[in-house]
Amino acid sequence: MVDVLILGAINSAVYAMLALGFTLIFGVGRVVNLAHGSFYAMGVYIAYTLVVVLGLPLIVGTTAAVLAVAGIGLAMDRVLIRPLRHSVLAVLIITVVFALFVEQVIFAFYGYTSRNIPSFTTNTLTVLGVTVAGQRAIAFAAGVIALSLVWLLVYRTRFGSAILAVSQDREAATYLGIDVDHVSRTVMVLSAALAAMAGVLVAPVLVVSPQMWVLPLIKSFAVVILGGLGSIPGSLLASVLLGYSETAVSRFVSSTLTELIPLVLILVTLLVRPSGLLGRRIEL
Amino acid sequence: MSRTAPGVAILVALALVPLAVRDRYFLSVFTLANLYAAIAASWDLLSGYTGRENFGHAVFIGTGAYTAALLNTRLHLSPVLGIAAGGGAVVALAILVGVPTLRLRGPYFALATLAVAGIMERLALLLWPLTGGEDGVYGVQPLSLSAPTTYYTTLAFMAIVVLGLYWATRSEWGMVLRAIRANEEACEASGLNVTVYKMGALVLSALPAGLAGGLYAHVQEHVGPAVYSAALSVTVIIMTVIGGIGTIYGAAAGGFLLTALGEVLRGFGPYRLLLFSAILLPVILFWPRGVVVQLAGRLRRG
Amino acid sequence: MRRWGALAIVAALIAIGPSGAGAQAPLIKVGVPGPLQLAVGQGILYGLQLAAGEINAAGGILGRKLTVVPEDEAENPEIGIAAIRKLIESNKVDVLIGGQTSGVTLAQLPVISRGKIVYLGVGAASPLITDQVRKDYANFKYIFRVTPVNSTYLGFALADFVDEFAKTELKATKIAIVGENLVWVQGVLPAMERRLAEKQGVQVVYKELFDVRTTDFSPMFAKARAAGAQFVVPLMSHASSDVVVKAYASLKVPVPWGGIDVKQQEADACEKLGGASVGEVVLFGSPPLKVAVTPKSIPFLEKYTDRFKRAPVYTSFGAYDAMYIYKAAVEKAQTLDPEKVIPFLEKTDYVGASAHVVFDEAHDVRYGPGYAVETMVQWQDGCKRALIWPRSLATGKYVPLAWMR
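Chains as they are written, first to last, in the working numbering: chain A, 18 to 301; chain B, 134 to 435; chain C, 7 to 411.
Check each hint, because a few of them may be wrong.
Stated by the list, open to error - Across the chosen pairs, the derived CB separations fall in these ranges:
(1) A/HIS199 with C/PRO260: 50 to 56 Å
(2) B/GLY221 with C/GLU60: 19 to 25 Å
(3) B/GLN427 with C/THR311: 52 to 58 Å
(4) B/LEU144 with A/GLY177: 56 to 62 Å
(5) B/LEU408 with C/LYS258: 42 to 48 Å
(6) A/VAL19 with C/GLU204: 36 to 42 Å
(7) C/GLY376 with A/PHE269: 45 to 51 Å
The hints are simulated quantities; they were obtained by calculation from the structure and are not laboratory data.
Glycine included, each C-beta is placed from N, C-alpha and C at the ideal position.
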């Protein structure tokens, strides 16, 4: 029981990092970015290149990777998404094709054989009698810090108010003199950086392969839908729910069914309460 | 130039393919292209005309395919009966899926359909005593031992589907669909039973996909979980987007184009998908209305 | 940068073909369907290249030189079926040697059968493939399997290992089995459990089939420990097995483990995972160590490693042997006609690098002492490997886990 509490918390933090950026982009720009998982993957592979191939120190390589992905996110927004903003479908399609493109570029350089990024630590922790891999503990800590910083940004700064304003009513925000494009851009950069960060924190204990963008995308969807597209508190709440339900099912039932959970959650939420737990009532 | 002349010309050209292409392998590529074209056209009906983008179209393809394959290998039903049964199963599934999801819009409908297809794919893997898991169902009876016969069967199927759907969109019923896409509230307010129309579009969109799935099972003699994959759903959408949404024939043309592109790139081995996606990015960016449709428009004007 | 490697192989293979000047007999085309992006797929090509090169240097088969025509299956049945069609109908190959993913091979069988072309499998283990030979000989007599031994025998081998090693040396009478929730595991698991029940003395206290997309294996290992398992047998073949291995190492699970882990067969697997594999025992049909499983094993290993600067995988051994087995049958039949070659293939009695190859009536390679055997190799400190079972072939002793010493 205790292990579910501890392990569930760690999973939740990672999901929160992934989902937060996703929900911000949707809230601010009404954009569903199917290449969100690609930021996660790119963060890992760039870190791998810098650390394992070029020999840079771990902390330098991972930080540089996160910054690089933030830049790629900016470029992707400018070049691919901005011109197609008028069509939901076009954005969905171009982002998924971009995700495929990124996967293939990674594959061209590194093949399908899995790689490994070194952990920040190989020690284990024992928390309340539960053995926890050191790397996962670090992921949790870093995640909580990052999420707190984002929370502060959004709810305690002027720029954060701008973000919230644009999410609520884009047009009205323009009238208020808010540079909507600037807000969109920043949010995209933030989202990419968070996803990449989640990647470099978790990849040492997970699979590193070109197709690693798919699963984080599905999890992000599940969290964001459950929490409510565009709602930050919703995403945080839903991350916790998803993280814990997966851990609990895995622990008490079986790992066979664990991966059905995100999909079922998405479907049930959309059918029962499409706006999610804490999202705005959407016009249907 | 009359409206139908290019269509007839293309159909005649396609009918002559087996005479020009002796290589059974290349003929099989054309055969699959026929099926993809029909599937893309069926997707276009719902998504191009009612503004509901279905991101899980593979759920219909897959259900039709597995139904036909399982009925054939377990109960020894003939291909005709199996495929028809697949069509029936798909209609039922469309209604089942449509009732709760059709009231959703935009990205919500897309995600719901994506989730449904994802669950079916997982189930195909989990229920392995029935579906063969990742190995799938093999030993399905071939449609015909003659490659040209198989080709003509799929060609006829594609022609019927494309013509049928095109005719449907040009009818009053099709007009209403477009009105719904433009302004659903207004349609409801004017007394139209919008739900019935949307459901009709979903069922009419699902049926050809399910039948195509059944045909696919008998052409490949095998069905695996890939037939439920998100990759397949997305491929179908890309075909339609490239060809041109909302025209039916654009989607079909996109189906042929993308199959041809995939074949041309086969020679590049491991770089096939890299080039494929690299080519698609600018195409979608610069021709968001569809290459075929924009080209056809220019030809007609010029 | 393996992509360039694959291109280089293909270029080299094209170079093997037409060699020498002047008029020459038409080439014998060997079609190679397989997951060519993966190490196991590339292994097939390398093994064939080695064999074909040697055979060509000695004059070829019936005076005709060999050329290898690869076609990627990408682990996908639709692509695999297209690959076979292309090889048979476009490239018009004379024989097929390859395969690795059982699901793809099963899907390809009808096309191969109608193509009336000999197929020598070198990677897929499902018994369903060779079952077809038994059920419908007239149509499927073209199918043979050189390697690996089929899943049932793999299950037997694992049971033998648990009985002879885990129980006897590690005193483990309670074991846990953790496998991927995939069909191939269903081919191995029942056979293993049956054999264990016959042998008695070992009890399966925990069994779990996990979804390959699982990211957190702490619950699974915790439950295995709670059930009292003294040894864990993994059954893994997917890329996601890395996560399990990393989880095992980072959690410092205090229970030894060993079983089927295809990804951990790769030479650099342990290094890639930063040493997480150390301690794990991995099943090998053909261990990439200087072990004389047959008199030809070590010479093959050395030639292969010299030429390709890497260790061979199980498919490499199989492909190498398959080429020679085909050569022998064709030379006895004095023709390439499958109808005439098949009877001689059935009578194969060939000592190859992988095993002493004799086919049973389902065209499946025989398993057992003197025929094809299975071995267990442990990853040890410094990412070195030692064969620890069977005793007769052992190159080292089992080393307990670092955190259990």
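Status of the given 52 to 58 Å range, CB of C/THR311 versus CB of B/GLN427
holds (57 Å)
May I ask you to test the hint 45 to 51 Å on the CB atoms belonging to C/GLY376 and A/PHE269?
Once the Cβ atoms are compared, 49 Å apart, the range 45 to 51 Å for A/PHE269 and C/GLY376 holds.
CB-CB spacing for A/GLY177 and B/LEU144 relative to the 56 to 62 Å hint:
holds (60 Å)
Do A/VAL19 and C/GLU204 keep their Cβ atoms within the hinted range of 36 to 42 Å?
For A/VAL19 and C/GLU204 the Cβ distance comes to about 41 Å; the hint holds.
Status of the given 42 to 48 Å range, CB of C/LYS258 versus CB of B/LEU408
Given a distance of about 45 Å, which is inside 42 to 48 Å, the answer is holds.
So does B/GLY221 sit 19 to 25 Å from C/GLU60, Cβ to Cβ?
With a Cβ separation near 58 Å, B/GLY221 and C/GLU60 fall outside 19 to 25 Å, so the hint is violated.
Using the C-beta atoms of A/HIS199 and C/PRO260, is the stated range 50 to 56 Å upheld?
55 Å Cβ-Cβ, so the 50 to 56 Å window holds.
When held up to the earlier numbered hints, the structure conflicts with hint 2 and nothing else.
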